[in-house]
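From first to last, the protein sequence lines are chains A and B. Be aware that the first sequence starts at 1, since it is given in my numbering, and climbs by one per residue. Be aware that the second sequence starts at 1, since it is given in my numbering, and climbs by one per residue.
There is no bait here: all hints are sound.
Rough simulated footprint, nothing fancy, chain A against chain B, three-plus residues with beta-carbon under 8 Å:
hint	stretch
1	124-133
2	173-183
Derived pair list, reagent style DSS-like, types lysine-lysine, alpha-carbon separation capped at 30 Å:
hint	chain 1	residue 1	chain 2	residue 2
3	A	K187	B	K159
4	B	K157	B	K51
5	A	K187	B	K137
6	A	K187	B	K95
7	B	K259	B	K52
8	B	K136	A	K199
9	B	K39	A	K107
10	B	K162	A	K185
11	B	K204	B	K51
12	A	K187	B	K162
13	A	K185	B	K37
14	B	K29	A	K185
15	B	K213	B	K51
16	A	K185	B	K111
17	B	K137	A	K185
18	A	K187	B	K157
19	B	K136	A	K185
20	A	K187	B	K145
21	A	K107	B	K37
22	B	K159	A	K199
23	A	K185	A	K107
24	A	K199	B	K157
25	A	K199	B	K111
26	B	K129	A	K185
27	B	K39	B	K258
28	B	K104	A	K187
29	B	K136	A	K187
30	A	K199	B	K129
31	B	K111	B	K157
32	B	K111	A	K187
33	B	K95	A	K185
34	B	K162	A	K199
35	A	K185	B	K39
36	B	K145	A	K185
37	B	K129	A	K187
38	A	K185	B	K104
39	B	K39	B	K259
40	A	K62	A	K257
Calculated directly from the structure, the hints in this document are not laboratory data. We put the beta carbon where it would ideally sit given N, CA and C, even for glycine.
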Amino acid sequence: MEKRLEINKLSFYRRKIVNSVMLSLSLLAAVITIIPLILIFYYTISKGITYLNLDFFIHMPKPVGEPGSGMANAIVGTLILIGIGGAIGIPVGILTGTYLSEFGNNKFGFLVRFLTDVLSGIPSIVVGVVAYTIVVIPMRHFSALAGGIALAILMIPTITRTTEEMIRLVPHSFREAGLALGIQKWKTTLLIVLRTAWKGIATGILLGLSRAAGETAPLLFTALGNRFWSTSVFQPMASLTVYIYNYATAPFEDWNKQAWTAALVLILIISIFSLIFRIITRSKYKV
Amino acid sequence: MSNEEVKSQVTLNTEVAVAVQKVPKISAKNLCAYFGKVKALHDINFDIPEKKVVAIIGPSGCGKSTFLRSINRMHEVVGGTITGSLTLDGEEIMKSDAVMIRRKIGMVFQKPNPFPTMSIFNNVIAGYKLNGHHNKKNLAEIVEKSLRQAALWDEVKDKLNKSGADISGGQQQRLCIARTIAINPEVILMDEPASALDPISTAKIEELIFELKKDYTIVIVTHNMQQAARVSDSTAFFYMGQLIEYSETKKMFTSPEKKQTEDYITGRFG
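From just these sequences and the hints, can you work out the full model?
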């Protein structure tokens, strides 16, 4: 009896120690995870704040050394490029995801799911080359449209898979409830199932848009970049990421600082997107 | 007892029930149901009279839910197929449009399933609205009428804008009944509507069924023998995919014809 009690005591202390070691390890991992994020914020804010003023938003890029330089064209360009990408990528992604979860339990669905996963692993520069081949070459010049299509291709896998996963989480009983009320299958899917899963889908859309907003490589040979004001989707278009790439690697300190500001603005744009999505999808009811 | 004998006996009892009501609301003839190669129902012959409550009892897996679901073609949703004849007012259900059939034959499920993203008001009106009616004036009227009929109005009239999932389980189930009533069906199918509820909520649902049979034909599947005895006019006993016995509830629970039925309702098996 005595002995047994002792063993129990021993195992009790060992359990306690193992427990606290494991907890400390996971805490450490969590801290390591957020360090890069803090560094990114620290550097972009401290270095980018210099040029963060109204001029940056409303003025065009000026020659090196001239004061009051801005990136109005690149800010608008980035928004247009994401807009084109989203206009193509969001509907395609949501519809594909809906198909996969509601009707995709067959060989074709399996194939689509597999290819979507492959697509999400393809380097963005390859997607850029493809967009260059199928859009830029036939049109004979670089264009915002080509850039938008490249971004759409990058968004689709994220949105598709998130939509599928989120719709799968909607209990089968809601579908049955809708159908038993004599509501057609498509209306049940759209107005009951998608509506229930909407919050999760919106997160997927946001992830897709953010990823696209941060892409540089596929834009280099599609939208190219533009030092002038242009909102035509058939012309080359400026974007923040391409400006960051060009300005950060240029030998002028002035431009390097503007690259930091552009980076800061890009982060701000994505944060504002995120905020808008949170507000739009904020429902009265918790699901 | 041979299969033939069972069948003739069942038909006989069916005739007793039908004598009360000449034209059956729902009629099944040689109805078989399959899930893939598994046969879930064997040659069911079953008439359900109008504006009566018919209870279906039987052990789990006996085919009672399958039968219930085939009446409004919800068996298709879970991958079942049926053969034989199944009619509503003399018209073949399988030859009609599934959507139209479900508007005439509503269904209440075992687990309350109000739409959580909709308010109570919108839950009630969901079927009506999504069926293509947009007459705004009527909506409030229909919601109130349906909720009153489902005996839920007094409890929720001050919180119609709250989520359908924010009320108690018993209230949710009555909300689902209100939602079904709102599209004005002729038949209401209930698949163990009270088995997830507490005794007080169960009693409310049972009272409600008693009220509803003035306007609707009700078929209720239940595991609760007392409930079947309390709410139904006639009762059917299913076992191993067969309709063993079907007669007036009083007779069923006092002097069942079949040994199997007696064993089941006295709790000797199942």
